[in-house]
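**Student:** Using the sequences provided together with the hints, build the complete structure.
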Amino acid sequence: MHIIIAGAGKLRTALARWLVSNGHEIAVIEEDATKCALLDEVLGSVSVHGSSVDVSKLARAGANRANVVIATSGDDDVNLVTCQIARQLFGAARTVSVVNYPEHVELFTLLGIDAPVSVTSLLLTRLQESLSGHGVVHLMPIANHEDRMLVSVRIAPSFGKVGRPLKEIALGEGALAVLVIGQDGAITLPSPETPVRAGDEVIVVTSSNWQQELRDLLVERLEK
Amino acid sequence: MAGNHLARNRGQEHQVTGGSGIQGEGPLLELTRSEHKFRRAVILGCRPSAIAVATALSEQGYTVHVIDESTACLDMLPQARVAEGKIVPLLSVRNIQQDLIKAEIRDANVFMAMTAVDTINILAAQMAKHMYQTPLVICKIDDPTVQSIYKDLGIIPISPTALVSQYALEAVQP
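Residue numbers (our numbering), protein chains in the order written: chain B, 204 to 427; chain Y, 15 to 188.
No lab work stands behind these hints: they were computed from the structure.
Wrong hints could be hidden among the right ones.
[As the list claims (entries may be wrong)] List of simulated lysine to any residue pairs, SDA-like, C-alpha gap at most 25 angstroms: (1) Lys165(Y) / Val258(B); (2) Lys116(Y) / Pro305(B); (3) Lys165(Y) / Ser259(B); (4) Lys260(B) / Asn109(Y); (5) Lys165(Y) / Val299(B); (6) Lys116(Y) / Thr323(B); (7) Lys370(B) / Thr328(B); (8) Lys116(Y) / Ala211(B); (9) Lys165(Y) / Asp317(B); (10) Lys260(B) / Ile172(Y); (11) Lys116(Y) / Asn303(B); (12) Lys116(Y) / Lys238(B); (13) Lys213(B) / Lys165(Y); (14) Lys260(B) / Ser179(Y); (15) Lys165(Y) / Thr323(B); (16) Lys116(Y) / Tyr304(B); (17) Lys116(Y) / Lys370(B); (18) Lys364(B) / Ser321(B); (19) Lys165(Y) / Glu309(B); (20) Lys165(Y) / Ser254(B); (21) Lys213(B) / Ser179(Y); (22) Lys165(Y) / Gln291(B); (23) Lys260(B) / Lys116(Y); (24) Lys116(Y) / Val308(B); (25) Lys165(Y) / Lys370(B); (26) Lys260(B) / Ser173(Y); (27) Lys165(Y) / Phe293(B); (28) Lys165(Y) / Thr397(B); (29) Lys260(B) / Asp166(Y).
**Tutor:** Take a look at the structure:
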């Protein structure tokens, strides 16, 4: 795929490296000439020097054949307009944007940006979870199924069902344990009979409605 | 009833033609706005052109909220109008949504995005149009190529660059 990344930041560099290592052709639009040189040194000639809301720079980055345009800048207005130019003038198939102000997600969705990613909300949720000590960590939403998400549940030694098969834990309606990572790092595809061990990390696909229930259930069990 | 019907028709005129799932104006909002005794305008950006527009609108009976990040710029608004409450200067908190809410965007008949930055104007204009259903939205976009995109997206884009070059050419070739 040909993917254009527009915008600065550490996220951008990590994303660019990951895309290149996965065999994608990329172009990065960057306003700072020094950063352009650095990018080209690490990733080959990928940089286009200039602003991502400059139509000629998007054209030079190959916007007319881009499958995906990803806007990662710290300014929501720049990200929005980059995605809209890519869509309206170049017919980009998919536009993905970082959204810095969580309240802008609604507007971006309304305006047809395919995947607005609210960095602030993601970080906040993650931080809240690590502070709450519930043992449930939200890993990621599942694309195109907004009501579904991937969560990780760590089994505490005090958990009432330690040693019992997985099927005895009521994870909630529609939830499915898809992977168990043992304390030793061993990965198991769980069956309903798989025994639950203390220290296991269970990866569960759950619905957003059930996530709270799952959390309540675990907290309740843990406190017993 | 007839007035409301007209207002709704006008709303449909501005509706988006693309398939991006944007909804038209809600009849309820139109009703409250058309019954509003006073005409209200919100202007984002307090540069000379905005000051001229705000002054003219306030003389036509509008109450105009003007938002800017700089008190120095807001101080350039005509003080007599400000004292009368016909022009209301608002210092921006650098969050467009909060600024618009503070400027009572929900009651506004007109919104104009006139800052120096095209992208900020475009975000604010689309927010007013599609989240707050402001009936008339005008957006200053300097880049004529970018301006062309927004003609069909429910807002009225104005490009000073295009206007100035047009006037200059007309002056040379009358």
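**Student:** Looking at the structure, which of the earlier hints fail to hold?
**Tutor:** Numbers 4, 7, 8, 12, 13, 15, 17, 18, 21, 23, 25, 28, in rising order.
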